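Protein sequences, first through last, are from chains A and B. In short: position in the first sequence from 1, add 2, done, that's this note's numbering. In short: position in the second sequence from 1, add 1011, done, that's this note's numbering.
Hints are computed from structural coordinates only; laboratory data are not their basis. Because the structure is a prediction, the values reported are computed rather than measured. Even for Gly, the Cβ is constructed at its ideal location relative to N, Cα and C.
DEER-style ranges, computed between Cβ atoms: (1) A/Ile350 - B/Leu1116: 25 to 33 Å; (2) B/Gln1094 - A/Asp157: 46 to 54 Å; (3) B/Thr1041 - A/Gly587: 27 to 35 Å; (4) B/Gln1094 - A/Arg413: 20 to 28 Å; (5) A/Asn354 - B/Leu1116: 30 to 38 Å.
Straight-line distance between alpha carbons at most 16 Å, and here's what the computed EDC-like set of lysine to aspartate or glutamate pairs gives: (6) A/Lys586 - A/Glu618; (7) A/Lys32 - A/Glu122; (8) A/Lys357 - A/Asp222; (9) A/Lys403 - B/Asp1098; (10) A/Lys555 - B/Asp1045; (11) B/Lys1082 - B/Asp1045; (12) A/Lys403 - B/Glu1060; (13) A/Lys288 - A/Asp222; (14) A/Lys33 - A/Glu122.
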Amino acid sequence: MIAQFGYGVLVISLATAFYAVGAAVYGYFKKSQRWVESARYAMLLSFPLITISALTLIYLIANNHFELDFVFAVTSRSMPTYLKMTALWGGQAGSLVFWSWLMSAFASAVMLRKWDRDREFMPWVIVVASVTLAFFIGLVVFYENPFARYWQTFDGTVITAMFQPSGAVPFIPADGRGLNPLLRHPGMIIHPPMLYLGFVSFVIPFSFAIASLVTGRTDDRWIRITRRWTLVAWLFLSMGLVLGSRWAYDVLGWGGFWGWDPVEIAAFMPWLTGTAFVHSVMIQEKRGMFKHWNTLLIILTYSLVIFGTFLTRSGVLSSVHAFAQSAIGPAFFIFIGATFIASAGLLIYRWNDLKSESELKSVFSREAFFLLNNLFFMSILVVCFWGVIFPLISELFTGQKVTVGPPFYQRATAPLFAALIFLMGIAPLSAWGHSTWKTLGRAMWKPAIAAVVAEVIILALGLRNPYALIGFFIIILTLFITLYEIWRAIRARGKATGENFLLSSWRLVGRNRRRYGGYIIHISMVLMAIGILGIGLFQTETQGTIAQGESLKLDGYTITYKDLAVFDTADARNVARAVVVVSKGGKVLAELHPRRDFFYESQQPMTIPGVRSTIEDDLYIILVDWQPILSSGATFKVYHNPLVNWLWTGSLLFIFGALVAVWPDKDPEYESARERARIAQQPAAAD
Amino acid sequence: MTMKRLIWITPIILVFAALWVGIAFAQDPTPSDDDVNRIAKQLFCPVCENTPLDVCPTQACAQWRALIRDKLAAGWTDEQIKQYFVDQYGARVLSEPPRTGLNWLVYIVPPVLFVLGVIILARTFHSPKESKGGDSPNLTPAPVAGTPAQPASESDDYVARLEEELKKRN
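Modelling step: build the complete structure from the supplied sequences, incorporating the hints.
Okay, structure coming up:
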């Protein structure tokens, strides 16, 4: 009964979404504000409706209603309540409900904004948001229904159906299978919501872009309205990616954080276009240029968001056959194709209205650097997209299955990332409109000399790997330029106002949060790059089977096997927990406990590494195997991951920088007018 | 020792040394886990999705790693072992598609598109309307030595357009 209620509410919300589309379109063409207003109310109604449906599902999960196929698959009696709550996004059907719920929340939030000056956008924002919402609710209602129950027919077969088939009786399993153990991790609890928040919030700038195309109001208004939405979307997506990496590092037990797996890349691709968009919209705001390109970027981001949701949830990349057999595969394919063709068609229709208001005049101007930035981001996107779909193409045309693995991506993207980091350093020094190498040189020469000195020190310390030397030089140069730039601005302000250093920096950042938030993000990226370079180029590993009291050695560390205990836990796990001591130069540094948990319900093992983590390096130990009797010997795999903590530290700084950039101004219109006036008066950022 | 004898003896010593080294390595009875992982790292699990063989936790993969150990003990080279896996399970066990036939596309398409992007970008810079020299005074940081001054009419036109736009936005 409760399941039917949840399903029924979902069906009503689907009807509401369709109504919102119809009413908005009718209202637009009939120029009837009442109809548009009605569509707006329908959009607002979708949020409480889907909330009720999602809460119903959570209630069913929390109360062990194993007669539901979805509840059976993702929970079990032994799971703690907080884990049961998060099981909502632990399976495909529930995660689609969750996606729809977030979508409705964002769409409702947009409906509640002040629309005074932009009412003509409203019907089309409603149409885009509602169509997207209707698609996802439709998937749940027709294909992936989490409310479907088990029924036993006369011949004893158990089937899954929403409504009672004739002659069948309800079938209630005693206990569920439980959530996949790999997903029982704090990172995995927060990672999907963050990623989905990022995905969903990118729908908002897209819907405004489409609204501007349909209505013909093709100035930069839509970009100004959605600037903060876009940054929030980008922040969530970035956090989702970082949390996913952290989860992989902590849980998957292969000593790394990014394996260039198609599912990872699927979430990374909208980030690439989104990041290009975040930069490139500034050209349109400041110079009225590249309107076609920005619109195309947000269309691509939207398509990749849908594509990403699809790939991260369905596993269709394994084979073309899996795609054909998947119920939702073709539906996604058609939706992505239809929305892309419709959006691109609109863009072509409005092509002549989107002409640039200025010309690109200098190769050293800010807009030129932003274009280069876009070229590099799009090139990384091409590598990723091509690498992900090529195995399908190969299988389709030759029948041969191939793997496109990490070496391909690393080789292709490393120079592009290096170029991006270098650009990150020099682009903020250039001015809008025009700069010369002389103005850049003036702002760069001091940090450049400092970077050369730092490089010489690194060489003297014994680093000889050419890739590392190039990488670290670019990183250090960018870091120094950015820090120098901030320091110069703080000093100039201090001199002009007589404020002390702290007050001066606080007010400087407060007056131009977007720019200094951006700088903080750039510094965070540099820190993350140090971590990625460290683990990417200098990771070492060893594996060996040792008896108690014996040791393994790696990069100066001694790892001594002390003890091993195997025991059962109350939540149906069998745990093998080793005790190892890490020492260096005879000094004991830490006692670690690498584990292997075996989950009885799901019959799945999980590896929990023992990690000693410092700012210099991580020592990451995995218990690979052990002799159960007398624990005479155990096999350990040890990874030495230099500098990896810089990645996580950088990601924390990234969140801070993004928050600085998105923090609301008192009066955005006033602030942006001031900023434009400042640019007009003070042309070179470098001077 | 005369020079002549040295010339004779040196190659003989070298040949024996090489043989001894070869035998010593070939007879190594148990290759270490690190030797096995060195090869397993370059291979992907033939049945799982996108899992490198060295970290794959399944029983099947443990057996494949044991197979690598056996082959190493039997004196096979890294390349021979990799080729054995390709022959048995297909090209999907390699971390990259082999550079043959249609697979070349995977390596060619991204650079071609990158070059295309560079060409498009270069065309944007060298559009016929481009004027040499500075932009309008409002946006120019410093006069560039040696560049001709911009015609006043174009500059005025731009300033007027900019002001109009600023007015519109405020």
